[in-house]
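Visitor: Sequence:
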Amino acid sequence: MGLKGKSVLSERLALYTKGGYNIGSEKMFYGAGFRQAWGNEKSGFVGLNYQASTRTRYPSESYSLAFNSLPMLLSLDDYFDYYWSRRFAAEVGYRFGKAKSTVRASFHHEEHRSLAKSTDFDIACGYQNKNGRIYELLCEDRDDPQRENPTVEEGRLRSFDLIFNWGGKYRPFGRRSQKRVELEMEHSGDWMGSDFDFTRYRLSFDWHTDALVRRLGLGETIHLHGLAGTASGELPIQRYGSLDASTWIFQPFGTFRSLDGRPYEGEKYAGLFWEVDLGGDLFKRLRLDGLARRGMELTVHGASGRTWVGWEGRGRFGYAPIGREGRDWLLYPLRVPDGFHHEAGFSFVLRSLRIDFTRRLDRGEWAIGFSLARSAD
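For this note's numbering, add 1301 to where a residue sits in the sequence shown, where the first one is 1.
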C-alpha cells in the first residue's frame, strides 16, 4: 500500500515522490527524485533519484509488480523473489528525435540486503470457509506457503550503466507491433568502492515485417522478440538475467508459453520468440467461411532459448534440476535448464482475446492458455 506523486513545476522540471507500507515485507518504503530537461528542444535531461524499498531479484520484460499482484490475490505463486535495497542514482541523457533514439548514462550507489519472507498473506483463501465451494475451486490444492526469498549477495554496489535505445520502450504482451533495439552495458569494480566486480551486457529487440512472409505465402506478418545477455567477473545473483515464463494460464507473447511459474535465470541468456499472423484466409481455404465471417483468425508461434550458470554459480546458489516433477523446484533459488527450451504452437484469435495451444518440443508436453490479441497500430 502506498502513494506515488508527480509534480511538474515547469515544462523542463518534474519532481517525483513515493512512500507507503509493504505488506509482504512489513517495511516502509519511500523515495524522491527529479528530472530536468535542457536544450532548445528539451532533448537533453539530467536526474537524481533515491529509493529505499524492496526490489525484485530478477528483471522481467513482461510482468510488472502491479500485474503480479493479481495472481497473488488468486492464491497463485508469487512470480518474483525479493531483496531490500537503498539506492541512489544520477543520470544524464539525450533524445535524438529524428532518429527516435535515446542515449542514457547513469551512476548507481546501492546497498543490498537479503529479505526474509514475513507473511503468507492470501486474500483469496485466507478468509474462505474451508467447506465452501469457493475454497474447493481455488484453494483446496493451494495450502503450500509462499516460498522463501533466497539469500542475495549483500554489500555495496556501485556501478556505471550505459543504455542506447532506438524505437522506444518494450511494450509487453505483444499488444502492438514494434521495431526497436536496446543495448545496455553495466560495470562495477572495486576501484569504484564497490563490493562487486563484474561487467554485464544486454540486448533486447523487436521487429515485424509484412513483405517477406507475404512473398513466401506464409501469412500476413511475422513478429520477432529477442533477448540476450552475457557477463564477466563475479555477477551477483540479483543481477542475473531472465527469460520469462507464463503465469498460470496467461501466456503472453515474449514468454515461454509452455513454462509455468518462474522464469529461467542465468549469468548468460538468449531467447527468441516469434509469431506469424495467418489471418482468416486459412479458414476460407478450408471452407470454414463461418469462422472467417465472425472475425476468427489463426496465428502460429514458437520460441527457443536457454540460460547458463557456471558451476561456481550453481555451487553458490543451487539450481532447480529441470527433471523434477511437481512444484519441487520452488525450493531452489534458481531455475536453470540443462539444454535449449524449444516450443511451437498455434492460436485462435477472436477480437481482443486468443486461445494458445503450445507444444514443448524438447519434452513432448502440451500447454493451453490465453493471451491478448495484437491490436492494429
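Keep in mind that the hints were calculated from the coordinates and are not lab data.
If you're wondering where the values come from, they're calculated on a predicted model, not measured in any experiment.
Hints should not be assumed to be uniformly reliable.
To be verified - With a straight-line cut-off of 25 angstroms between C-alpha atoms, the simulated DMTMM-like cross-links for lysine to aspartate or glutamate are:
hint, residue 1, residue 2
1, 1569, 1511
2, 1470, 1483
3, 1401, 1483
4, 1401, 1449
5, 1569, 1521
6, 1328, 1411
7, 1319, 1462
8, 1470, 1455
9, 1399, 1483
10, 1319, 1362
11, 1328, 1462
12, 1328, 1455
13, 1343, 1455
14, 1399, 1496
15, 1328, 1449
16, 1401, 1496
17, 1480, 1378
18, 1343, 1411
19, 1399, 1455
20, 1480, 1613
21, 1470, 1342
22, 1399, 1342
23, 1328, 1412
24, 1319, 1392
25, 1470, 1511
26, 1569, 1462
What the hints assert, rightly or not - Now the in silico label distances, taken between C-beta atoms and shown as ranges:
hint, residue 1, residue 2, range
27, 1366, 1511, 14 to 24 angstroms
28, 1667, 1573, 35 to 45 angstroms
29, 1667, 1339, 26 to 36 angstroms
30, 1333, 1611, 37 to 47 angstroms
31, 1347, 1319, 32 to 42 angstroms
32, 1611, 1341, 22 to 32 angstroms
33, 1573, 1611, 16 to 26 angstroms
All C-beta atoms in this analysis are idealised placements derived from N, C-alpha and C, irrespective of residue type, glycine included.
Visitor: Now tell me if each hint is right for this structure.
Guide: Verification of the hints:
1. Of the pairs offered as hints, the one joining residue 1569 and residue 1511 is violated, with about 32 angstroms between alpha carbons and a cut-off of 25 angstroms exceeded.
2. A threshold of 25 angstroms between alpha carbons decides the hint, and for residue 1470 with residue 1483 the separation of about 8 angstroms falls inside it, so the pair holds.
3. Proximity of residue 1401 to residue 1483 is assessed by CA-CA distance (about 12 angstroms); at most 25 angstroms being required, the pair is judged to hold.
4. Using a Cα cut-off of 25 angstroms, the hinted pair residue 1401 and residue 1449 is violated, with the two alpha carbons roughly 42 angstroms apart.
5. Distance check on the hinted pair: residue 1569 and residue 1521 sit about 34 angstroms apart at the alpha-carbon level, beyond 25 angstroms; violated.
6. For the hint pairing residue 1328 with residue 1411, the CA-to-CA distance comes to about 18 angstroms; that is within 25 angstroms, so the pair holds.
7. Proposed proximity of residue 1319 and residue 1462 is supported: the alpha carbons are some 24 angstroms apart, at most 25 angstroms.
8. With a C-alpha separation of about 30 angstroms, the suggested pairing of residue 1470 with residue 1455 is violated against the 25 angstroms cut-off.
9. Between residue 1399 and residue 1483 the CA atoms are separated by roughly 17 angstroms; this keeps the pair inside 25 angstroms, and the hint holds.
10. Restraint check for residue 1319 and residue 1362: satisfied, since their Cα atoms lie roughly 23 angstroms apart, inside the 25 angstroms limit.
11. The straight-line distance between the Cα atoms of residue 1328 and residue 1462 is roughly 28 angstroms, outside the 25 angstroms bound, and the hint therefore fails.
12. A C-alpha spacing of about 18 angstroms is found between residue 1328 and residue 1455, which places the hinted pair at or below 25 angstroms, so the restraint holds.
13. Among the hinted pairs, residue 1343 with residue 1455 is inconsistent with the structure: their alpha-carbon atoms are about 39 angstroms apart, more than 25 angstroms.
14. Among the hinted pairs, residue 1399 with residue 1496 is inconsistent with the structure: their alpha-carbon atoms are about 41 angstroms apart, more than 25 angstroms.
15. A threshold of 25 angstroms between alpha carbons decides the hint, and for residue 1328 with residue 1449 the separation of about 17 angstroms falls inside it, so the pair holds.
16. A C-alpha spacing of about 37 angstroms is found between residue 1401 and residue 1496, which places the hinted pair above 25 angstroms, so the restraint is violated.
17. Annotation: proposed proximity of residue 1480 to residue 1378 is violated, straight-line Cα distance about 33 angstroms (limit 25 angstroms).
18. For the given pair, residue 1343 sits about 29 angstroms from residue 1411 by alpha-carbon distance, which is inconsistent with the 25 angstroms threshold.
19. The straight-line distance between the Cα atoms of residue 1399 and residue 1455 is roughly 43 angstroms, outside the 25 angstroms bound, and the hint therefore fails.
20. For the suggested pair residue 1480 and residue 1613, the alpha carbons sit about 38 angstroms apart, so the restraint of at most 25 angstroms is broken.
21. In summary, the hint linking residue 1470 to residue 1342 is supported, as the alpha carbons are separated by about 21 angstroms, within the 25 angstroms threshold.
22. A C-alpha spacing of about 12 angstroms is found between residue 1399 and residue 1342, which places the hinted pair at or below 25 angstroms, so the restraint holds.
23. Under the criterion of a C-alpha separation no larger than 25 angstroms, the hint pairing residue 1328 with residue 1412 is consistent with the structure, at around 16 angstroms.
24. Between residue 1319 and residue 1392 the CA atoms are separated by roughly 19 angstroms; this keeps the pair inside 25 angstroms, and the hint holds.
25. Distance restraint check for residue 1470 and residue 1511: the Cα-Cα separation of roughly 22 angstroms lies within the 25 angstroms cut-off, and the hinted pair is therefore satisfied.
26. Between the alpha carbons of residue 1569 and residue 1462 the distance comes to roughly 18 angstroms, so the proposed pair stays at or under 25 angstroms and holds.
27. The hint said 14 to 24 angstroms for the Cβ distance between residue 1366 and residue 1511, and at roughly 36 angstroms that hint is violated.
28. A C-beta distance of roughly 21 angstroms is found between residue 1667 and residue 1573, which places it outside the suggested range of 35 to 45 angstroms.
29. The hinted range of 26 to 36 angstroms is not satisfied by residue 1667 and residue 1339, whose Cβ atoms lie roughly 55 angstroms apart.
30. Between residue 1333 and residue 1611, the C-beta spacing of about 39 angstroms keeps the proposed range 37 to 47 angstroms intact.
31. Residue 1347 and residue 1319 have their C-beta atoms about 20 angstroms apart, which leaves the hinted 32 to 42 angstroms range violated.
32. A hinted range of 22 to 32 angstroms is violated for the C-beta pair residue 1611 and residue 1341, which are about 49 angstroms apart.
33. Our hint of 16 to 26 angstroms for residue 1573 and residue 1611 holds, since their Cβ atoms are close to 23 angstroms apart.
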